[in-house]
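Protein chains: 2
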Amino acid sequence: MYRSHTCGELRAANTNQEVTLTGWVQGVRDKGFMIYVDLRDRYGITQLYFDEDQSDVSLMKEAQKLGREFVIQVTGKVQERASKNPNIPTGDIEILVSKLTILNQALLPPFTIEDETDGGEDLRMKYRYLDIRRNPVKESLIFRHKVTQEVRNYLSNQDFIEVETPYLIKSTPEGARDFVVPSRMNEGQFYALPQSPQTFKQLLMVGGMDKYFQIVKCFRDEDLRADRQPEFTQIDCEMAFVEQEDILNTFEGLTRHLLKEINGVDVDKFPRMLYDDAMRLYGNDKPDIRFGMQFGELNAVAQHKDFNVFNSAELVVGIAVPGGNSYTRKEIDKLIDWVRRPQVGALGMVYCRCNDDGSFKSSVDKFYDQDDLAKWAEVTGAKAGDLICVLSGETNKVRAQLSALRMELAERLGLRKPDEFAPLWVIDFPLLELDEETGHYHAMHHPFTSPKPGQLELLDSKPGEVKANAYDLVLNGNEIGGGSIRIHDKATQAIMLKHLGFSDEDAKAQFGFLMDAFEYGAPPHGGIAFGLDRLVAILGGQETIRDFIAFPKNNSGRDVMIDAPAPLDKEQLEELNLKLDL
Amino acid sequence: MYRSHTCGELRAANTNQEVTLTGWVQGVRDKGFMIYVDLRDRYGITQLYFDEDQSDVSLMKEAQKLGREFVIQVTGKVQERASKNPNIPTGDIEILVSKLTILNQALLPPFTIEDETDGGEDLRMKYRYLDIRRNPVKESLIFRHKVTQEVRNYLSNQDFIEVETPYLIKSTPEGARDFVVPSRMNEGQFYALPQSPQTFKQLLMVGGMDKYFQIVKCFRDEDLRADRQPEFTQIDCEMAFVEQEDILNTFEGLTRHLLKEINGVDVDKFPRMLYDDAMRLYGNDKPDIRFGMQFGELNAVAQHKDFNVFNSAELVVGIAVPGGNSYTRKEIDKLIDWVRRPQVGALGMVYCRCNDDGSFKSSVDKFYDQDDLAKWAEVTGAKAGDLICVLSGETNKVRAQLSALRMELAERLGLRKPDEFAPLWVIDFPLLELDEETGHYHAMHHPFTSPKPGQLELLDSKPGEVKANAYDLVLNGNEIGGGSIRIHDKATQAIMLKHLGFSDEDAKAQFGFLMDAFEYGAPPHGGIAFGLDRLVAILGGQETIRDFIAFPKNNSGRDVMIDAPAPLDKEQLEELNLKLDL
Chain A
4 MYRSHTCGEL RAANTNQEVT LTGWVQGVRD KGFMIYVDLR DRYGITQLYF
54 DEDQSDVSLM KEAQKLGREF VIQVTGKVQE RASKNPNIPT GDIEILVSKL
104 TILNQALLPP FTIEDETDGG EDLRMKYRYL DIRRNPVKES LIFRHKVTQE
154 VRNYLSNQDF IEVETPYLIK STPEGARDFV VPSRMNEGQF YALPQSPQTF
204 KQLLMVGGMD KYFQIVKCFR DEDLRADRQP EFTQIDCEMA FVEQEDILNT
254 FEGLTRHLLK EINGVDVDKF PRMLYDDAMR LYGNDKPDIR FGMQFGELNA
304 VAQHKDFNVF NSAELVVGIA VPGGNSYTRK EIDKLIDWVR RPQVGALGMV
354 YCRCNDDGSF KSSVDKFYDQ DDLAKWAEVT GAKAGDLICV LSGETNKVRA
404 QLSALRMELA ERLGLRKPDE FAPLWVIDFP LLELDEETGH YHAMHHPFTS
454 PKPGQLELLD SKPGEVKANA YDLVLNGNEI GGGSIRIHDK ATQAIMLKHL
504 GFSDEDAKAQ FGFLMDAFEY GAPPHGGIAF GLDRLVAILG GQETIRDFIA
554 FPKNNSGRDV MIDAPAPLDK EQLEELNLKL DL
Chain B
4 MYRSHTCGEL RAANTNQEVT LTGWVQGVRD KGFMIYVDLR DRYGITQLYF
54 DEDQSDVSLM KEAQKLGREF VIQVTGKVQE RASKNPNIPT GDIEILVSKL
104 TILNQALLPP FTIEDETDGG EDLRMKYRYL DIRRNPVKES LIFRHKVTQE
154 VRNYLSNQDF IEVETPYLIK STPEGARDFV VPSRMNEGQF YALPQSPQTF
204 KQLLMVGGMD KYFQIVKCFR DEDLRADRQP EFTQIDCEMA FVEQEDILNT
254 FEGLTRHLLK EINGVDVDKF PRMLYDDAMR LYGNDKPDIR FGMQFGELNA
304 VAQHKDFNVF NSAELVVGIA VPGGNSYTRK EIDKLIDWVR RPQVGALGMV
354 YCRCNDDGSF KSSVDKFYDQ DDLAKWAEVT GAKAGDLICV LSGETNKVRA
404 QLSALRMELA ERLGLRKPDE FAPLWVIDFP LLELDEETGH YHAMHHPFTS
454 PKPGQLELLD SKPGEVKANA YDLVLNGNEI GGGSIRIHDK ATQAIMLKHL
504 GFSDEDAKAQ FGFLMDAFEY GAPPHGGIAF GLDRLVAILG GQETIRDFIA
554 FPKNNSGRDV MIDAPAPLDK EQLEELNLKL DL
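Protein chains in written order, with the working numbering: chain A, 4 to 585; chain B, 4 to 585.
Quick caveat, the hints were computed from the structure, so don't treat them as lab data. Fair warning: there could be bad hints in the mix.
Which copy is meant is left open, so a pair is good if it fits within one copy or across any two.
As the list claims (entries may be wrong) - DSSO-like cross-link-like pairs, simulated, lysine-lysine; straight-line CA separation at most 30 Å: (1) K34 to K337; (2) K64 to K501; (3) K102 to K493; (4) K220 to K129; (5) K511 to K141; (6) K465 to K511; (7) K573 to K420.
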């Protein structure tokens, strides 16, 4: 062992012990007769010093050579410090070095190894191994480990079995695009990397495993939006002989356990909200309920006058911004510009100030009188001092626009507190979703989701109205998990696939094994999958996942550190019977 | 919840409780007035009965419809049995059913769902979800879960952090062939699936993570030998600021913990054996030391006569087979046939009977007298009643042949006891290995392995003699783990890559990121990786890994259940800019 102690553990009680430490040079302060070195490892920082009066000339000279990030080993005596540093756990002591070995030199790092670094995102990703030395990244990775350990131990204690499912599987157009892997041994054929272990976990239920989980990498070849990764990690779970209520209770238990153990937060029973209500009240299927600002639908109180913008709209809807009446005209204009940005896409915004004296002042006073506006305030829950923001248009679009505005304003108002946790079940999702481009319905969750009892018949007449036994777990405005009760009989699965546009032939080729399995005694079953990257980030009080992933890829799906992907050798392509067709 | 209890938990103390159970029909015994049903789930089997005197006619009729593997839900009263079954935990009770619901019917399964099934390997793999219902497979998967939980908790308690490394990386000719993944977003470029997270775990050490582990899937596109899988699982570990001794002690601790917790076996300090000694004494770098039968090298006592077969051999080597003198001539002839099979490849075998009266009788009595043979017995440790088997030829080949014979005989003699555990460290592996086909040396472990201190200089003059800081952990004749202290400076890594035939350009293209990282303060580090599939199988007392993998592939790398790999759609190939070239 190169060391007797880590850089995080020595205290005043260790005074006068001879110790050996290893680590990286965080910084050097050379006062001539005294040289101070901060030595850093994963566990902390310990101050070393070299003293002209007590050390060899050669040792002083060696110490003078030290540069930032040099890897060294030192032996010395623990001394109680005269002036203690209360900011670090080892601040009571320092080490008078008697022996120094440079284990490895270091070039000057391209950015500072400090909590607030001068390195930009690109540089940090290229030198990710240096970025990981920084506390915020290092602590995020350690935090992720703690969360996964808690998850595994909790689920294991509940009789869940972690089962590894294969990575080399079959390509199925289950939603997103698959990454594929050419098979050398099976000419002209390809494996696919799993988008999720969905079918395998269902087969494990058919196989009687009863309670399954797996923390597992999944892959989707999507055009990457910000903060998405082509490979991501799921906590994948499935249970047999359960109804939706059992799944909700079980995984509410897991989430409550994590909030308690990881964040020290006690949360009561999670509220539940119907999907339709979430859309109506928050314009969004993953509402952040840490704050109010619920939508007020204003059609009834805003379409009775001559304001054509509202009259021609499918939906007129507003929110009350707490204290928003203090916004200047300029600030409100900026807000209007914000909702008109192409990313939001509103055509404009109507507003109404709620004055302290109980009067109202709106941007559409020409059309609406004080009584009208009072009703707006009533419907949106606005109080004196608030600002009512109103959007209008096609229902789905205007809800999304107002939801974006609501989140933006909450962010600005500091209502999205990272240390406050508001979990929420959103239930009764629609089974199908209309693809506006193609006019076809596709599965909102996936093709294995069970419709609500008795609603199968609606598939033909009113496909958009069929509700599913599907649910999402939402935390602070993020979907952290989603799942459903599955279909477990061949006939229903066949009907579903037919409605999703599969020919009998395609259904058999792609999901024949699953439908066959349903004929050999499939139990009722259901499950859920959590997005681990996001769950960990949110528990860690962050909104972006990148620092919780050791080696993330950029938005082009590249690992800029190892420079992947990369061209293949000609021989490799030949062995795989492939030709590039660029 | 569909059930109040599982099929494994009811006892006499539950008598008279009304319970609801779910599960699969293991079997039905219809006695006309009484129908008995064994109901099975993951947790056990509970006996149900329907009684003409106590049940509706309709219930009796419904029960008569039940077939094997039907999924049912029953409600009824727990009764203490008149004649108890001591062979199952629930054998004291049975359930008088008052309500029966068939949750799902089942076709007759293609093989029996019993510990000893009538299904062949191929059929079991096609219907793996049924195979998993069988206790031996189900228990193996649960056992695997227990082992991984123990590993994770042990390592976490020792401050190891599990860090997920990426699956979409860069192809490097690090040993075996890579599986590759075409990138749609980066035209003409490919990711590779990791053969191991080797370079990433080293970068984590450069990044200061100090102690890393990961239970992780790895991929090798090899022509599959029996009991190999294209995807397999490793317990991958790395530590910084350590020497070989620290790694051996740490992971000896882990292995001892597993043997204790999983198998209830206490094992003393693991013996260590030099690689050279393992080859000399067992002809093998992973000796099974649960039994003796060490090699005796006979050159000195067998090359002094006119027997040209021995005189022209590089090595004459024998083993004593305990009690082998009882073999008939016919049995010995069969043994000779066995070593001459192409899989073993010996040209022949000389033998010597050690008679109870102290005399010897050999197949080469023409050349060797009793004194000669007494020396053979001395060197091989043969006692009266034993049989000495002697092979000769080129050293490496003859060692491999005799090792195969030793293992075969031990198997036949029942010396390879599955409940006996003999771990062993094999250390001081050669750094390089001669590829006899190409005449080139390649890395025996991998290109990142550190040579023993001071031996770098031998690379030019005697490359085959350079020893590495590399070690394997062997358990019962199987390599369960292997690792090394790594190179951690750019200059040494460059020398190694040069000796392995990499041009400067190739070295930079493939490992430039690692060598760059070594310039920014890389600590001394080393690690080990365990083959989880095999480790679990051996701890479970098995030699084959297949039942410890939920969904294994066959020897052509196919998943016969889902029928993968499979052809891709033309559109998918086009999107990837690929053409088949068959």
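Status of each hint after checking the structure:
no., hint, verdict
1, K34 to K337, "neither (54 Å within a copy, 84 Å between copies)"
2, K64 to K501, "neither (80 Å within a copy, 35 Å between copies)"
3, K102 to K493, "between (74 Å within a copy, 25 Å between copies)"
4, K220 to K129, "both (23 Å within a copy, 25 Å between copies)"
5, K511 to K141, "between (48 Å within a copy, 28 Å between copies)"
6, K465 to K511, "within (26 Å within a copy, 61 Å between copies)"
7, K573 to K420, "neither (54 Å within a copy, 49 Å between copies)"
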